[in-house]
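Sequences are here, hints too, so could you generate the full structure?
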Amino acid sequence: MSARRLLTILLPSLLAASCATALPPSTPSGTVASAAGETEPPVTADLGEQRSAGGAVEIKASWVAVDPPVLKVTLDTHSVDLDRADLAALARVRLDGGEWVAPSAVDVPRGGHHREGSLRFAGLRAGALAAATVIELEIRDVAVPLRILRWERGG
73 MSARRLLTIL
83 LPSLLAASCA
93 TALPPSTPSG
103 TVASAAGETE
113 PPVTADLGEQ
123 RSAGGAVEIK
133 ASWVAVDPPV
143 LKVTLDTHSV
153 DLDRADLAAL
163 ARVRLDGGEW
173 VAPSAVDVPR
183 GGHHREGSLR
193 FAGLRAGALA
203 AATVIELEIR
213 DVAVPLRILR
223 WERGG
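Sequential numbering of the sequence shown, starting at 73, is according to the working numbering.
One should not assume that every hint holds.
[As the list claims (entries may be wrong)] Here are the computed distance ranges between Cβ atoms for each label pair:
1. E188 <-> I220: 17 to 23 Å
2. G183 <-> A203: 32 to 38 Å
3. P181 <-> G120: 21 to 27 Å
Because the hints were derived from the structure by calculation, they are not lab data.
None of these values were measured; they are calculated from a predicted model.
Cβ atoms here follow ideal geometry from the backbone N, Cα and C, with glycine treated the same way.
What follows is the structure, encoded as structure tokens:
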């Protein structure tokens with residue numbers, strides 16, 4: 073193949089590649105981009121799971137992120153309609169005996185006798201969950217008048 077023919081074939085490809093806009097590298101799922109452009113794993117609360125059983129309903133909760141604080145919740149029953157439980161209005165959290173804070177976002181889809189999802193607490197100041205020694209989740213009127221799930225860190 074002649075040099076001229078080779079240039080005719082390769083030149084358009086080289087021009088297209090050199091004119092293309094460089095895209096920033098994608099951040100893998102489950103990582104957080106830092107200010108320096110490096111990726112860091114998300115900070116997890118690592119507090120374990122708390123459970124409350126009563127009135128034929130079991131509630132399980134575990135913190136899955138610290139900033140903003142995100143709580144994974146599961147509601148299970150064989151006899152109660154859980155779709156009527158509005159966790160945006162019925163759930164709240166407090167740290168170290170301070171003010172109660174309602175969730176800023178609730179993603180717990182309806183599911184009849186089984187519901188699972190997350191509560192986000194963006195109203196807590198940055199770093200508050202990581203620094204707290206006592207974390208309480210209050211859930212009202214889900215088959216029983218009141219439930220308080222409690223996490224304690226050794227001090």
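For each hint given before, does the structure comply? Return the numbers of the non-compliant ones in rising order. none
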